[in-house]
Amino acid sequence: MALLQISEPGQAQLKRRACGIDLGTTHSLVAVLRDGQAATLPGPDGRHRLLSVVHYGDGPATVGWAAAQGAVEDPDNTFFSIKRSMGRGVGDVDDAHDLVEDSTSGVPRFHTAAGPKTAVEISADILGALRARAEEELGGELDGAVITVPAYFDEAQRQATKDAARLAGLPVLRLINEPTAASIAYGLDQEDDRGLIAVFDLGGGTFDISILHLSRGVFEVRATGGDTELGGDDLDRILLDWVKEECGTEEVDRVWTRTILQAVRQAREELSEQDSARIDCGDGKMLTLTREELERRSAPLLGRTLQCCRRALSDAGVEAGDIQEVVMVGGVTRMPYLRREVSKFFSREVHTGIDPDRVVALGAAIQADALVGNAQDQDMLLLDVIPLSLGIEIMGELVERVIERNTTIPAHHAQEFTTFKDGQTALAVHVVQGERELVSDCRSLARFELRGIPPMTAGAARIRVEFQVDADGLLTVEATETVSGVRAGVSVKPSYGLEESEIEQMLRDSVEHAEEDVASRALNEQRVEADRVVQALRDALETDGHILSDDAERSRIETAARALIQARDETDADAIRAGIKALEEACEPFVERRMNRSIQQAMQGRRLEEFQEQD
Amino acid sequence: MPLELSQNYFDLFRLPCALEVDERQLTEQYRVLQRELHPDRFAAAGSQEKRLAAQAAAHVNQAYRTLNDRHERATYLLQLRGVVVDDEKDTATDAEFLMQQMELREGLEELDGLPEAEAFGVRLEREAGALWEDFGTCYAGERWLDAREVLLKLRFYRRLQQQLQVRREQFSTG
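Here the protein sequences come in this chain order: A and B.
Counted from 1, the first sequence has number 253 at position 240 by the working numbering; the numbering is strictly sequential.
Counted from 1, the second sequence has number 175 at position 164 by the working numbering; the numbering is strictly sequential.
Errors might be hidden in some of the hints.
Stated by the list, open to error - Some chain B residues well away from chain A (every beta-carbon gap over 12 Å; in silico):
no.	residue
1	Leu91
2	Thr104
3	Gly118
4	Val133
5	Arg134
6	Thr148
7	Gly152
8	Glu153
Unchecked claim - Just so you have them, the derived chain A footprint on chain B, three or more residues with Cβ under 8 Å:
no.	region
9	43-51
10	81-89
Said to hold, decoys possible - Keeping only pairs whose Cα atoms sit at most 30 Å apart, straight-line, the calculated DSSO-like set for lysine-lysine is:
no.	chain 1	residue 1	chain 2	residue 2
11	A	Lys257	A	Lys298
12	A	Lys594	A	Lys175
13	A	Lys28	A	Lys594
14	B	Lys61	A	Lys28
15	A	Lys175	B	Lys61
16	A	Lys175	A	Lys28
17	B	Lys61	A	Lys594
Keep in mind that the hints were calculated from the coordinates and are not lab data.
All C-beta atoms, glycine included, are put in the ideal place defined by N, C-alpha and C.
Bound-form chain B, shown alone (with noise of 0.2 Å):
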């Protein structure tokens, strides 16, 4: 591609590398940028320019689609470092883990009820909470390959998260 557009993600935002960045920088230079480089501005344009235009902003949208989601973004932080989390194919490995999912997935199909689902609901954000604080301390520390790990955790706690979400949706509407 002849474009000179950044390939990294954050100098494209002109944000620091880190697993927390500022929303409204992300958001305001996501703006910007479209604004500049969407095809619609190339409307009266020659095919060339559209064409390019599809391709800057198709980059652009797919950095701010990264950047703004915190999985995302650990993912692409780990990447960064050479590190690549498959989504398909990676789990987490730890034994006790392993123990834990099984009991957590008993506990979500075990849910009786609209209260049950919220209070479940708590606990999945508090111990999700509880592994973002590990990934910090893990990247912090440069010890991607556990970063690693706790992510395919966080992953397990996203999917959780998701399924709860439809249980929710079957008891409200009945």
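Just chain A, same shape as in the assembly (with noise of 0.2 Å):
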């Protein structure tokens, strides 16, 4: 049962500010909801689409248009597309920036004139620019923001989103699928039984399948499937040979590939409208691109799109035939000639009413309304799935899958390995993401090792690992030894991902870089924290204050209260989240009896006898 705000008597309801933010390969735009209708947010120049484009120079660092002008004389403080590098080692990301040696976690920084960056720090400025777009409409403070990640986003990409919007300062209800947030924002689950519709996601870097079943409110993700490394950008880098062979170029440098791949960007878009397009090639050089050469060049590319449905659909247990609905989502998908192989695909029209660039923005937009508290009587539900198996590494480096993908989150799994040798006290145990057979060939997310475990023979010990992932799709797991009860457990940091240190220094070097006090912003952080916890307290308090098992349990609770309260007025961050810790000890009891209360209404069924009557 959701708690939600009660208002004294004659008093308005406080509506709390929110946002949804679909973070892009090519550009990112943020959504708010004005009377009940979801709408993107223009910036200062107007324009809604913010370009993923940053530039650090010798002041702030600039995002957006103004970033990608500078681009071409400067493209080395450039940074395009930095999404694809989130989340991502070494030895994946973009060659075309010079990297500062490794840092201690492994994460690649990209030298700037403003000293070394990391993906996630690029992804912040990004996230920054929107939140203040937000801001500056909603008249205040965040109170809670929902990002989008394409759906098949592995582990590391996940946390590495979180990681940016915690740098941005953007307190983040849920990651969500951009699929799912395209289809809330289709309103496809308002008819009864909707049953199952396909969204097909083409953006600027990443491609997304996702089969849904959609029914009353209930957005349940049934397969989702898809490349992290297929969009625009891909058909713009196929162009660019294209003109390369046009031109008889060999040798080129950054900023003519950078000037090429803004022009055929801008043809590309053009061919959806037109039968041809001029490319500028410099030097007076002037070429012709058709629609059909354009088609003819991007067919493979394409259908490998087309792969990755047939898979998608093979998961979810249904063939093309059974998908009531086809949503387009993403730039790329304006282009006439995709359209036409999707509908033939899926033999059917293809849903395009609302903008496909704008889309994942609105549908963030609602459900973030939606977690905030403000929507009243809501009753939608996403049900989510993990898009890539987790499992661990066992002998012969061969992977023992512990959660299929495909798996709905949040879910939780465990699993009994043993000792190999005799006398064995430590196990390693290795953490993967994929779906080969080989580690090598699957992600590598994160290792630990549990130690201490009493030598028996080999095959003796029983090691119980525990994996769960939360509703963002973020792991933690767990091995315990079960005879002699030795544990070991690590909320996964993933193999390219920042450290807790890392994160805490690079907040306390983008505060002093905006000219904040770190102290103000954590000890305003702590109020926050101190007043949500407090007011959804209260509203517990209102609703079910008589199932306090007696008054003892009452005043203890209100004592913590009170001493929360007091904190939160001075000015001490560490004795506020001291309060909040201790309060939330005094309720535990009371929290877990509401809990099973909320569990037992609903396997009794309340809910469903309601909806039957209803029917």
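The task is to assemble the complex, starting from two chains supplied on their own in separate frames and drawing on the hints.
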């Protein structure tokens, strides 16, 4: 049961400030709800789409069109498509920039005029620009944000996105998958049993296909698939090669490449509306690109999207003909050729009613508004899945899968393993993600060790490894030797993820840059959290105060709450943190009792009977 | 876990403990449970609520996944009777069935085109259907170990059906 805000009689309901953010490879958007309608917000230049480009110069970072314009003069300090480097190691990132030597966590740092920057920091600058738009529109600090990620993003990429949000000072309510956000925006859940829908999402850098089942506000993802390295950017590279061929150019520099990439993108976009487009290759050379040529060149790449669709359908246990609606998302889906091919594949017309560039941000805004607690009577529920299987390394560098791909989250699974040597007292746990049998073919997520196992003969120890995936798709792993009770665990910090200390350092650096006081920011964060905890408790007591066991329990809770409220009005962030912890401890039995009551009500099918009466 | 979630999956979904389940009831009750327990319902609540909700929702997801799949459901039914079926290690031991397995595998390998694959699929479906009937009979007669043997055969059929699906895709995409 959701904790609803209850306003005092005669007092207007306080609206909380929430926004939805589509952090895209080539461009990003922010949307909020205005009078119940989701709308994207323009920047100072009037444009809604913020180019996901960041430039570092002498002053603060510039983001968007201004940064892109400077790219031609200063490509070394200008970052395009940084999303592709999120959660990735040195070997995986774009080689167009110079890397600073490895940091301790293995996260690549790019050399810039403003010092070394990670993809997380660069993304945080984009998020910061969007946050400013939302705060200006809503008139104050945000209470919550929903950020979208490609459904096919792995653990490391999701964690990196969350870290970027933290650096940007965004209170993240949830990461949701882009296709799910798009289907929310279309409101396809409004009709009863809409059935199966497919969301085909081809953006600047990534491709996602999701098969969802929609019924009365429940968005249940059945299967998801895709390719995080397939998008408009790749089409532009193919066209770049075509330009090189046509011009007979071999030797090229970064400036030329950047200029041509911008020119071919523009031509590609124009070809959705017209049959041919002109490309200026410099030195007075003009080329004409026809729609036919574009289609011929891009067919192999776009064919890969249909292969992904086949696999997703098969994972969902359905056939193309079972799909009742097809939603197109992402700028590349404006291509008439692609619309035709997808329409042919599913044998039905595709939905293109909402601007494919904005649809994801709009859906995220609706979900953010619901999660932050503004929607009083919301019945929307998203049941997402993990896109890639999670497993651990076993003998012979093989992978034992613990949670299969397309498992609905939150998910929990435990599996038992044993030792292979006599007297073995430690066990290395290596967590990987992917579908292949060999560890080397999967992505390494984390490693930790379980030590202090009492010496036993090989195979006698019982090591229980528990995987817990939360609603954002982030993983925690714990290992316990059940005979002796020795435990070890990690909140999985991906192998190419930032250490907590690094994030804190970045936070310090970034606020210094913004001439904001670190301490005041920390204090403010704790105050916001304290207010939230106290408000949630008030609501809980209002609705369920009668299930307190006795007056002693009530007074324990009230004492802790008063102490917290007092600490909140003083200026010690650590004292507030301690106050929150103390209040949570005092509330623990009450919270458990409330949760159990929700469980009992749900299990008794109270709500089910209500539904059936409505039928 | 302090949560009072029913540990028996069938009870959780208010379903009788049987191989055949009312799928509508299963799905409706799943949504009811998730509407109440999903962590998103606690987005504005404290961290304890969120943590408990995540535990509860994960349990419900696991239960739903188990009951929503015939094989998993059958395995779970036997597990409730104290009979464990290990997917990895256990295989059917029946000698006659071993011969049949070899014959079926060869059949799959020798397929030559989509029409043949479709026909092979029909055959697998028919034979698996008969085995499911056997499973029902063994289960009803409380012959748990016989039921287990039938289930292991069915697992072989399922794997074969998955392999057939891959072949089908190969044929249809050329």
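Structure-based check of each hint:
For Leu91/B, the requirement that its beta carbon stay farther than 12 Å from each beta carbon of chain A is met, with the minimum near 18 Å. The Cβ of Thr104/B sits about 24 Å from the closest Cβ of chain A, beyond the 12 Å cut-off, so the non-interface label holds. No Cβ of chain A approaches the Cβ of Gly118/B within 12 Å, the least distance being about 21 Å, so the stated non-interface status holds. With a cut of 12 Å on Cβ distances, Val133/B stays outside the contact zone with chain A, its closest approach being about 16 Å.
Every Cβ of chain A is farther than 12 Å from the Cβ of Arg134/B; the closest lies at roughly 20 Å, confirming the non-interface assignment. For Thr148/B, the shortest C-beta to C-beta distance to chain A comes to about 27 Å, beyond the 12 Å cut-off, and the non-interface label holds. Against the 12 Å criterion, Gly152/B stays outside the reach of chain A, whose nearest CB is about 31 Å from its own CB. Remark: the non-interface label on Glu153/B is consistent with the geometry, its nearest Cβ contact in chain A lying 28 Å away (cut-off 12 Å).
Chain A is given as covering the region 43-51 of chain B, and this holds because 9 residues of the stretch bring a CB closer than 8 Å to a CB of that chain, at least three being needed. Counting residues of the region 81-89 of chain B whose beta-carbon sits less than 8 Å from any beta-carbon of chain A gives 0, not enough to reach three: the coverage restraint is violated. The straight-line distance between the Cα atoms of Lys257/A and Lys298/A is roughly 12 Å, inside the 30 Å bound, and the hint therefore holds. Straight-line distance between C-alpha atoms of Lys594/A and Lys175/A comes to about 23 Å, which keeps the hinted pair within the 30 Å bound.
At most 30 Å may separate the alpha-carbon atoms for a hinted pair to count; Lys28/A and Lys594/A meet this at roughly 27 Å. At most 30 Å may separate the alpha-carbon atoms for a hinted pair to count; Lys61/B and Lys28/A meet this at roughly 22 Å. Using a Cα cut-off of 30 Å, the hinted pair Lys175/A and Lys61/B holds, with the two alpha carbons roughly 18 Å apart. Under the criterion of a C-alpha separation no larger than 30 Å, the hint pairing Lys175/A with Lys28/A is consistent with the structure, at around 25 Å.
Distance restraint check for Lys61/B and Lys594/A: the Cα-Cα separation of roughly 15 Å lies within the 30 Å cut-off, and the hinted pair is therefore satisfied.
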